[in-house]
Amino acid sequence: MSGEMELNDRRDNQRFQQREWRFQRVGWLIMMLLLVSAVLGLVGPGLFSYVTTGNENDPVRLSYHCFEHWNRESVMELTLAPAAVHDGLVRIWISGKLFQKIDVKQIHPAPTRTEIAGDRIVYDFAVSRAPAPLSVQISYEPSAVGMTKAQLGTGDYQVEFWQWIYP
Amino acid sequence: MEAVIRGLVIYLVLYLIFRVAGKRTLSEMNAFDLLLLLIISEATQEAMIGQDHSITHAILLITTLVGADIALSLIKQKSRKADRILDSVPLVLVEDGKPIREHMRKERIDDDDVLESARTNHGISRMEDIHMAILERSGSISIIPRASGQT
Numbered sequence: 001m002s003g004e005m006e007l008n009d010r011r012d013n014q015r016f017q018q019r020e021w022r023f024q025r026v027g028w029l030i031m032m033l034l035l036v037s038a039v040l041g042l043v044g045p046g047l048f049s050y051v052t053t054g055n056e057n058d059p060v061r062l063s064y065h066c067f068e069h070w071n072r073e074s075v076m077e078l079t080l081a082p083a084a085v086h087d088g089l090v091r092i093w094i095s096g097k098l099f100q101k102i103d104v105k106q107i108h109p110a111p112t113r114t115e116i117a118g119d120r121i122v123y124d125f126a127v128s129r130a131p132a133p134l135s136v137q138i139s140y141e142p143s144a145v146g147m148t149k150a151q152l153g154t155g156d157y158q159v160e161f162w163q164w165i166y167p
Numbered sequence: 001m002e003a004v005i006r007g008l009v010i011y012l013v014l015y016l017i018f019r020v021a022g023k024r025t026l027s028e029m030n031a032f033d034l035l036l037l038l039i040i041s042e043a044t045q046e047a048m049i050g051q052d053h054s055i056t057h058a059i060l061l062i063t064t065l066v067g068a069d070i071a072l073s074l075i076k077q078k079s080r081k082a083d084r085i086l087d088s089v090p091l092v093l094v095e096d097g098k099p100i101r102e103h104m105r106k107e108r109i110d111d112d113d114v115l116e117s118a119r120t121n122h123g124i125s126r127m128e129d130i131h132m133a134i135l136e137r138s139g140s141i142s143i144i145p146r147a148s149g150q151t
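Just so you know, the protein sequences line up as chains A and B, in that order. The numbers in the first sequence follow our numbering, run straight up by one, and end at 167. The numbers in the second sequence follow our numbering, run straight up by one, and end at 151.
To be clear, the hints were calculated from the coordinates, so they are not data collected in a lab. Note that beta-carbon positions come from the ideal geometry of N, C-alpha and C, so glycine has one too. Errors might be hidden in some of the hints.
Calculated lysine to aspartate or glutamate pairs in the EDC-like style (CA-CA distance at most 20 Å, straight line) [as the list claims (entries may be wrong)]:
| no. | chain 1 | residue 1 | chain 2 | residue 2 |
| --- | --- | --- | --- | --- |
| 1 | A | Lys101 | B | Asp113 |
| 2 | B | Lys98 | B | Asp113 |
| 3 | B | Lys81 | A | Asp12 |
| 4 | A | Lys97 | A | Asp58 |
| 5 | B | Lys106 | A | Glu73 |
| 6 | B | Lys78 | A | Asp9 |
| 7 | A | Lys101 | A | Glu160 |
| 8 | B | Lys81 | A | Glu160 |
| 9 | B | Lys81 | A | Glu73 |
| 10 | B | Lys76 | A | Glu160 |
| 11 | B | Lys76 | A | Glu73 |
| 12 | B | Lys78 | A | Glu160 |
Listing some non-contacts, in silico: residues in chain A with all C-beta distances to chain B over 12 Å [to be verified]:
| no. | residue |
| --- | --- |
| 13 | Met31 |
| 14 | Gly54 |
| 15 | Ser74 |
| 16 | Val75 |
| 17 | His108 |
| 18 | Arg113 |
Only part of the chain B face toward chain A is listed, based on derived beta-carbon distances under 8 Å [unchecked claim]:
| no. | residue |
| --- | --- |
| 19 | Ile10 |
| 20 | Gly22 |
| 21 | Leu72 |
| 22 | Arg84 |
| 23 | Ser88 |
| 24 | Val89 |
| 25 | Pro90 |
| 26 | Lys106 |
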C-alpha cells in the first residue's frame, strides 16, 4: 500500500514538475522581454525613450525621457528659437499641474523672475545675445507614479507632452 | 504604510524570480552565486529603504519581511497544493544508476553535479553505484547509494 502511495505521489509530482517547467520557461521569456524593453527605453530611460517635441522651426521644443522612474533625478531640456526672444527676454510658461507630479531641483540658467499666472508658472530669462538656439535645462525628480500630462510654451505657442512614471 | 508595501513587493518579486530561476539557483553556492546574492541584496536595499532611514521604517520593513515569511509557511502547512506551488517538488535525476536525461537537462544539471554530491556525501565515484539521486526542493542533490550486492 505504501509502495502504491509512493508511486501515486511520484506521478503527481511528475505532472506538477512538467507544469512547473512550462511556467519557468514562460517566466524566462517574460524576464527577457523585460530586459529588452528596458534597453529600448520602455520601462525607463533607454535607447528610444528620449524624445523631442515639434520641429526645428517651433519657438520652443521640449526634449525629455517619456518613461521615467519615481524619485530618479532627470533633466528635461527646452530649446528656444531666437524668435522667442522679445526685448532681451524669453518668457516661458509651464502648466501648474506638472509641478504636482515633479519636484524641480534646479533650472539652468536661473530665471530672472518667476510668477504665478492662474494655473501656470511663468519664468523670465534674460538674454543678452541670442545665438540660435537657446537652451534651458530643468533638473527634476518625479514625485508621483503614473501618467503625467502637461503643457508648456511661450506666448501663444503651446507644447503638450506626456510622461509615464514607474514606481 | 510605504515600508509595508515596499517590503511586500520586493519580497514577492524576489520569490517569484527565484521560483522562475529554478531549484538549482537555490542550491549550495559557488563564488558566482555568492556574488549574485550580494549584488541582489545591494540592489534591493535602496528600493526597500527609499528616502526613509528611520528606525521605525527599518522595524516595519523587517517585520513585514518576517511576517510574509511566516504567512507563506502557514499557507504551505495548510495546503499541499500551495506547498508545491511555493516550494516545488523533489525530482528524480538518477534511478538505478541510470541518469534521467530529460530531467537533468531541464534542471540544467550534468553528471558532474550528481557525482560531486555522491562523492561528498557518500564517497561514491561511479554513477552505477547510485540507486537514486534526487534534486530536492532546496536545490541540493540527495544520493541514495545502491545497497551492497545490489545490481
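Honestly, which of those hints from before does the structure not fit?
Hint check: 1, 4, 5, 8, 9, 10, 11, 12, 13, 19 and 21 fail, others pass.
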